[in-house]
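Q: So the chains spell out like this:
There are 6 protein chains.
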Amino acid sequence: MADDLDQRVLAQAIDDIVASYALHGNINHLDGANLPSRALVSGLLDDLLSIVFPGYFVEDEVDALTCRYFVGERCVRVLRRLEVVAGRAFTSSGAEAAANEARARQLALDVVREIPRLREILDTDVQAALGGDPAAASASEIIMSYPGIEAIAVHRIAHALHGWGVPLIPRMMTEIVHRQTGIDIHPGATIGHSFFIDHGTGVVVGETTVIGDRVKIYQGVTLGALSVSGRTGRSRLKRHPTIEDDVTIYAGATILGGDTVIGAGSIVGGNVWLTHSVPPGTTVMLDKPSLRFIAPGG
Amino acid sequence: MADDLDQRVLAQAIDDIVASYALHGNINHLDGANLPSRALVSGLLDDLLSIVFPGYFVEDEVDALTCRYFVGERCVRVLRRLEVVAGRAFTSSGAEAAANEARARQLALDVVREIPRLREILDTDVQAALGGDPAAASASEIIMSYPGIEAIAVHRIAHALHGWGVPLIPRMMTEIVHRQTGIDIHPGATIGHSFFIDHGTGVVVGETTVIGDRVKIYQGVTLGALSVSGRTGRSRLKRHPTIEDDVTIYAGATILGGDTVIGAGSIVGGNVWLTHSVPPGTTVMLDKPSLRFIAPGG
Amino acid sequence: MADDLDQRVLAQAIDDIVASYALHGNINHLDGANLPSRALVSGLLDDLLSIVFPGYFVEDEVDALTCRYFVGERCVRVLRRLEVVAGRAFTSSGAEAAANEARARQLALDVVREIPRLREILDTDVQAALGGDPAAASASEIIMSYPGIEAIAVHRIAHALHGWGVPLIPRMMTEIVHRQTGIDIHPGATIGHSFFIDHGTGVVVGETTVIGDRVKIYQGVTLGALSVSGRTGRSRLKRHPTIEDDVTIYAGATILGGDTVIGAGSIVGGNVWLTHSVPPGTTVMLDKPSLRFIAPGG
Amino acid sequence: MADDLDQRVLAQAIDDIVASYALHGNINHLDGANLPSRALVSGLLDDLLSIVFPGYFVEDEVDALTCRYFVGERCVRVLRRLEVVAGRAFTSSGAEAAANEARARQLALDVVREIPRLREILDTDVQAALGGDPAAASASEIIMSYPGIEAIAVHRIAHALHGWGVPLIPRMMTEIVHRQTGIDIHPGATIGHSFFIDHGTGVVVGETTVIGDRVKIYQGVTLGALSVSGRTGRSRLKRHPTIEDDVTIYAGATILGGDTVIGAGSIVGGNVWLTHSVPPGTTVMLDKPSLRFIAPGG
Amino acid sequence: MADDLDQRVLAQAIDDIVASYALHGNINHLDGANLPSRALVSGLLDDLLSIVFPGYFVEDEVDALTCRYFVGERCVRVLRRLEVVAGRAFTSSGAEAAANEARARQLALDVVREIPRLREILDTDVQAALGGDPAAASASEIIMSYPGIEAIAVHRIAHALHGWGVPLIPRMMTEIVHRQTGIDIHPGATIGHSFFIDHGTGVVVGETTVIGDRVKIYQGVTLGALSVSGRTGRSRLKRHPTIEDDVTIYAGATILGGDTVIGAGSIVGGNVWLTHSVPPGTTVMLDKPSLRFIAPGG
Amino acid sequence: MADDLDQRVLAQAIDDIVASYALHGNINHLDGANLPSRALVSGLLDDLLSIVFPGYFVEDEVDALTCRYFVGERCVRVLRRLEVVAGRAFTSSGAEAAANEARARQLALDVVREIPRLREILDTDVQAALGGDPAAASASEIIMSYPGIEAIAVHRIAHALHGWGVPLIPRMMTEIVHRQTGIDIHPGATIGHSFFIDHGTGVVVGETTVIGDRVKIYQGVTLGALSVSGRTGRSRLKRHPTIEDDVTIYAGATILGGDTVIGAGSIVGGNVWLTHSVPPGTTVMLDKPSLRFIAPGG
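Chains as they are written, first to last, in this note's numbering: chain A, 20 to 317; chain B, 20 to 317; chain C, 20 to 317; chain D, 20 to 317; chain E, 20 to 317; chain F, 20 to 317.
No lab work stands behind these hints: they were computed from the structure.
Hints are not guaranteed to be accurate.
To give an idea of the interface, some chain B residues facing chain E are shown, with a C-beta separation under 10 Å as derived from the structure [said to hold, decoys possible]:
1) Asp23
2) Asp25
3) Gln26
4) Leu29
5) Ile33
6) Asp82
7) Ala83
8) Leu84
9) Arg87
Derived, one-sided and incomplete: chain A residues facing chain C with beta-carbon distance under 8 Å [unchecked claim]:
10) Ala30
11) Leu68
12) Phe72
13) Gly74
14) Cys86
15) Val90
16) Gly91
17) Val131
18) Arg138
19) Val145
20) Ala156
21) Glu160
22) Trp183
23) Gly221
24) Ala270
25) Pro315
All values derive from a computational prediction rather than experimental measurement.
Virtual Cβ for every residue (Gly too), placed ideally from N, Cα, C.
Throw the hints in and build the complete structure from the sequences for me.
A: So this is what it looks like as structure tokens:
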């Protein structure tokens with residue numbers, strides 16, 4: 020008896036769930052065409068990183084004899100995966116299916132051709148980390164245990180895709196590395212060379228941020244927008260700040276607004292909250308720690 | 020010789036470890052009954068999310084022909100896994116074994132029946148994200164790359180289990196999503212519809228927090244308890260704040276205390292530290308950025 | 020035609036990547052000897068944690084009959100893996116290959132012998148969590164769902180390896196748990212017993228930090244260095260603060276500098292920014308929340 | 020020097036292999052479209068067998084509450100996989116791509132609809148095994164440990180596909196089970212109900228064989244063709260024997276030729292070699308074991 | 020339209036399958052209790068073989084330091100798995116559930132205790148292979164590439180379980196190795212020491228066969244029953260032959276019948292068909308190859 | 020109590036097993052150096068076959084754009100794996116460790132260079148199958164579903180290794196394919212081009228067999244040695260027959276002896292037993308089926 024009841028209850032529950040797919044259709048994806056899944060995009064990132072930093076993340080001795088073949092095969096994997104995920108992304112964003120295949124293949128080749136340039140700039144990022152952290156012992160240690168390097172590498176890949184107009188994938192890539200590192204950089208942000216993020220948890224860099232060369236930021240830094248009232252279509256205005264060359268921003272500082280420019284060579288102290296520009300060479304600090312001390316007997 | 024020595028050293032070390040299991044027994048679990056493992060609870064969450072957002076996280080074309088069967092099978096998997104983990108959780112918390120099986124099965128059916136209601140409220144959460152972030156391009160982008168949506172979805176599941184008195188599992192669920200997203204919401208917290216968390220890293224929402232409808236919070240927000248002196252049993256007093264409808268809380272703000280009520284429609288600025296209530300419609304901001312500027316030549 | 024073009028484009032791209040390996044050789048690792056990979060180090064940590072907290076993270080009933088054999092086999096796995104990764108780490112840091120094998124085996128035995136002592140101190144950490152959080156229901160809940168416990172356990176392992184002069188591995192271990200928990204403790208930091216981290220996301224503890232017994236810290240706390248100007252070799256000066264026994268540091272507080280000592284029994288309030296010492300028993304708080312309130316009609 | 024030499028040798032070897040793909044093109048498949056792989060066809064067979072004999076080969080409690088959903092989901096998996104492999108098979112055999120998709124889907128539905136009929140006839144095969152082997156203890160033992168049952172089940176599936184004109188897949192299916200059991204039945208063979216194969220290793224049943232009801236054969240039996248001289252196109256003549264109802268054929272017997280008919284109720288003894296028909300009810304045996312006995316002192 | 024039709028067709032097909040589960044219930048297993056699956060039994064065999072021949076089938080350096088722990092852990096795995104599969108087997112064969120748990124644990128301990136005796140006799144089997152095949156180069160080559168050794172090892176394990184009255188499992192074990200090697204030995208057969216099977220494909224050894232010491236057989240040998248007319252309950256009569264010590268049986272020979280005894284030291288030639296006894300020391304050969312030779316011009 | 024008893028029983032059993040490792044040391048491999056495992060050799064074979072028949076066994080579209088990179092990477096995998104397994108094999112057979120590394124690398128390069136020649140001869144084997152079996156529909160069907168092709172391909176690889184003096188590995192390779200196909204060809208056998216094995220189960224080809232071009236054999240054929248009396252060291256005499264060009268041997272035929280030569284163009288009928296030579300062009304058949312027919316009423 021109880022079993023019959025359970026069967027009816029379960030059948031009803033399943034009917035209700037299927038009915039809810041009709042009722043709340045915008046949080047389903049039931050048209051039979053796969054979206055680019057997180058697992059697929061994640062595997063693609065792993066392959067790209069293994070080409071960019073060969074020998075670091077693969078359990079396979081790579082040497083002069085073999086590296087050419089390792090690279091060739093990884094590039095082909097990247098090509099194949101990119102064709103798939105980019106094709107799905109174009110389709111899911113409403114692009115006409117006929118042109119998508121050729122577009123996805125062209126894009127895939129472009130990404131592979133971009134890798135030497137990516138390596139050139141990532142080399143400057145690793146140098147910046149080595150120069151900027153007294154605790155860093157070697158380039159190997161930085162590549163293998165600094166979350167900032169991984170976040171920047173993924174950003175630079177995602178930023179290229181974003182620039183080529185690929186939907187969905189760039190945001191999925193940066194969110195994947197956000198989950199790993201706590202560093203959330205929008206693919207739209209423009210970042211110069213020799214960029215260093217230390218520790219990194221809680222860093223947020225908004226879509227229209229512009230960052231110069233040799234900039235250094237610490238955990239908990241937000242480069243964000245001022246509050247938005249109302250939403251009228253998807254805004255592409257510059258809503259996030261500009262950080263000029265050679266700026267250092269310490270932990271927990273918040274810099275907001277599309278017109279805010281931090282002049283070259285400035286230093287922004289920890290926990291500072293800035294919503295307006297400062298000229299080059301400025302040091303900004305919390306005035307005095309406005310604290311109350313209570314002695315043991317107080 | 021050396022080998023013999025190594026053998027004796029290793030044998031002694033293993034004896035010492037086994038001895039330490041007797042000595043520090045409260046950090047072992049050696050009674051031969053498995054606890055609900057993180058892997059099992061994590062797989063259960065994956066299954067639940069794949070029913071709640073079908074077509075988004077599964078590498079399997081789901082369409083009108085197949086979705087009923089997809090749902091049916093996933094519900095059965097959820098039933099089976101929940102019976103196992105809930106049974107273990109009841110047992111581990113000392114409940115009488117005899118009643119646990121029936122209780123776990125009833126619970127499992129209840130969870131499946133809850134899914135349509137979960138989808139109804141999660142639809143409002145996705146709408147809130149779409150309306151609240153100018154950078155969001157589509158519902159797909161939000162579901163696949165906004166950590167806040169995942170954290171809220173898991174919270175709503177865990178909160179239901181918590182309400183039904185299930186031990187251990189709800190906290191394991193929220194900790195699993197905390198590890199993924201940096202968003203730490205206690206299953207006990209009560210949260211209204213259309214809830215939006217942007218970026219999210221570092222968000223902490225305490226056990227007895229109450230949050231109204233259409234609330235929006237940013238990364239680094241803490242809704243916490245005032246400091247506790249002494250511990251006298253497990254307190255169930257309201258120790259965390261109440262956030263009324265339509266409140267927005269910007270990044271890094273901290274609101275503490277069980278009697279603290281943020282009135283409906285209020286705005287709490289970034290980095291604000293609040294330990295008392297404010298009436299509806301209040302805007303609270305850091306008074307003036309209390310900063311010191313040092314010019315280059317300064 | 021198009022295909023021929025694609026073949027030439029791809030072949031050129033691969034040549035360019037291989038050329039870039041010569042050009043930017045410091046971000047390659049192509050000498051044919053594997054580095055200790057993240058996957059290997061991560062598996063090693065999993066094995067160590069399963070010995071330290073038996074029965075909690077393994078899907079395998081462990082009981083009085085079987086625990087001795089479970090421990091024996093895991094210790095052997097730990098030995099074998101440690102020999103591999105430590106051997107690679109010694110080699111990668113330029114140590115003479117001949118001595119590395121014996122050194123790695125001795126080290127591996129030392130780690131296994133250290134486990135009872137690790138368990139002894141971790142028992143105090145679990146007790147501290149149970150005593151310090153009113154929301155904690157049991158030791159099981161703490162071990163299975165408090166990220167702080169995992170971060171501390173890994174730190175204590177990594178700190179021992181760091182003390183024995185093992186390169187690379189300790190930092191990889193702490194970064195692995197940083198990715199999981201958002202808690203970033205340098206292996207060099209010295210930490211007393213009964214240490215409790217609540218929530219934890221965004222915590223940073225620097226290399227030369229010294230922490231006493233029964234210290235409690237919350238999410239977003241930074242124990243860091245004052246800014247460094249210039250880099251002259253790898254500094255081993257004490258650059259991070261000293262926290263004496265029985266100190267509590269609330270969320271978001273920042274304490275900087277190698278000469279900064281927080282005296283025993285002190286309390287540091289949330290968001291406080293401290294760059295100098297305070298005597299034992301001091302309570303430090305933000306003076307008054309320097310806020311501006313705008314009423315609805317304001 | 021040696022390394023440079025190795026590099027040149029390896030590069031040359033790879034060039035030679037690629038050149039050999041042009042030279043011996045009929046043993047490559049390099050047109051960029053996947054063939055139905057053995058792994059895919061094997062997974063499809065596993066799914067089909069788990070629907071046909073539910074509860075026997077799956078590590079998942081199936082009961083009255085859940086079996087409907089188990090079946091639904093497996094049928095959908097079968098549909099999806101069959102669409103893929105049949106589509107590839109049609110394409111690889113030169114069929115026009117446009118029609119293949121619809122044809123593959125129709126075929127997939129037909130296979131699912133065939134399952135009840137397959138179960139009906141397989142029930143008779145299991146009964147025949149239970150009745151025919153004194154060592155058989157139960158239907159469970161037969162389904163789980165008699166290779167003949169698996170070979171017959173796969174044959175009956177492959178025979179249906181073969182009848183519907185599907186290229187490649189049926190032969191791949193029977194070869195998969197041949198590798199497992201040593202029983203090689205061509206998908207073209209027609210086999211009645213209550214068929215029993217004992218032990219089975221070395222059994223060969225040719226393409227145009229016709230077998231009646233309640234036939235029993237043992238290991239090493241060949242039902243084959245007489246030798247073929249010359250090959251003029253692919254012959255579809257009846258080249259293999261006809262075995263009427265209720266015939267038993269003992270181990271190692273060989274029966275050859277398309278005109279050979281073994282009359283109903285006949286018994287063919289072990290190792291017998293037959294190339295002509297026998298009337299119903301005949302018993303055929305090796306006349307007398309034509310042996311030479313040499314005594315110890317001989 | 021077509022899609023609606025497909026949905027109805029699929030729903031009907033699934034209903035028909037579920038209906039067929041009621042109609043042909045003896046080839047389902049839907050009572051919600053798992054049977055001992057082939058995968059589980061296969062894993063158990065792998066574990067047992069890795070204890071019996073340590074260092075041969077495991078990718079893990081085993082040496083004097085570690086072998087004790089390797090063995091301990093494997094024995095525990097064997098214990099746990101055996102408790103599960105034996106428990107399921109007892110239950111599936113109708114035994115009273117209450118006693119099964121204790122019985123399964125006792126059995127599991129007995130199996131582990133049996134291993135030294137198994138190794139003692141398997142050592143003689145390896146010696147027999149080394150002595151009997153001029154192509155064999157070493158004990159390693161025999162253990163790693165002679166299917167006969169694997170078949171005998173599994174038989175000796177299965178025979179012990181069969182002797183202790185375990186249902187289902189022994190037959191599943193021998194069928195697993197039959198699929199691998201083409202050698203089909205019923206667990207009931209009694210086999211002496213120093214047994215050697217060369218090549219082995221097609222060997223069949225029946226349930227009540229008795230084989231003495233130092234017996235050698237080749238591929239395709241059948242030790243079987245004479246034909247059975249009718250089935251009256253499960254026969255336990257001796258239906259298969261007795262092979263005394265020091266007998267050699269060449270490829271393809273067939274020896275049938277429960278009263279047939281091949282006297283000690285006899286040699287049975289290839290393809291011989293024997294249904295009666297021969298005295299000790301007899302050599303039995305096909306009298307003269309009764310062949311017809313046709314010369315080229317014939 | 021019972022538990023204590025079980026603990027003692029288990030501990031004793033494990034002690035006994037470890038003691039048996041000392042007692043029967045020739046069936047252990049406990050010197051801490053891994054042997055070439057079956058899994059490793061099997062993976063190596065899979066890689067080799069995927070280069071030899073590209074596009075047939077890999078789930079990865081291979082085309083003109085990508086095949087060069089696919090081949091390059093697979094060759095590198097083959098190199099790396101061969102260096103490992105050949106190195107272990109040399110060591111296990113007592114070769115001096117110092118020279119083994121260079122020897123293994125040279126061997127690995129030789130194998131890769133051999134592939135074009137292997138493909139050339141395997142092309143003739145596929146043609147022979149296509150020409151020899153009226154049931155064969157295409158080269159694809161033959162490569163994907165004829166066990167004979169796989170057995171021959173593996174033999175040709177193993178034979179090359181055997182010729183270069185590699186111990187252990189060649190036998191492991193042919194045993195792996197024996198388990199899959201029931202075809203057991205010793206790596207020492209010499210086989211000409213256009214070799215075709217149909218069905219194949221039970222085929223045995225001995226170590227010193229020599230087979231000419233365009234030979235065709237069926238299931239159950241044995242090319243073996245006459246019985247050996249006594250064993251005096253490892254014999255390398257020619258113990259198995261010579262089959263000249265264009266011979267066909269039907270199912271179940273047995274040809275024995277090192278001096279036996281089957282002249283070119285001969286046909287050996289099914290089940291024939293031959294221990295002496297026949298001149299070219301001979302047809303050998305069983306004289307007359309020496310059968311007894313018993314009519315129904317007989």
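Q: Run every hint past the structure and note whether it holds.
A: Taking the hints in turn, this is what the structure says about them:
1. Asp23: holds, 9 Å
2. Asp25: Since the shortest Cβ distance to chain E is 6 Å, the answer is holds.
3. Gln26: At 6 Å from the nearest chain E Cβ, B:Gln26 passes the 10 Å test, so the hint holds.
4. Leu29: holds, 7 Å
5. Ile33: holds, 8 Å
6. Asp82: holds, 8 Å
7. Ala83: Constraint on B:Ala83 satisfied, holds at 6 Å.
8. Leu84: holds, 6 Å
9. Arg87: With a closest approach of 8 Å, the B:Arg87 hint holds.
10. Ala30: With a closest approach of 32 Å, the A:Ala30 hint is violated.
11. Leu68: Nearest chain C Cβ about 11 Å off; hint violated.
12. Phe72: Cβ of A:Phe72 sits 6 Å from chain C, so the hint holds.
13. Gly74: holds, 3 Å
14. Cys86: Holds: closest Cβ of chain C sits about 5 Å from A:Cys86, inside 8 Å.
15. Val90: holds, 5 Å
16. Gly91: With a minimum Cβ separation of about 5 Å from chain C (threshold 8 Å), the hint on A:Gly91 holds.
17. Val131: holds, 5 Å
18. Arg138: Nearest chain C Cβ about 5 Å off; hint holds.
19. Val145: Holds, because the Cβ-Cβ distance from A:Val145 to chain C comes to roughly 6 Å (cut-off 8 Å).
20. Ala156: holds, 6 Å
21. Glu160: holds, 6 Å
22. Trp183: violated, 16 Å
23. Gly221: holds, 5 Å
24. Ala270: holds, 6 Å
25. Pro315: holds, 3 Å
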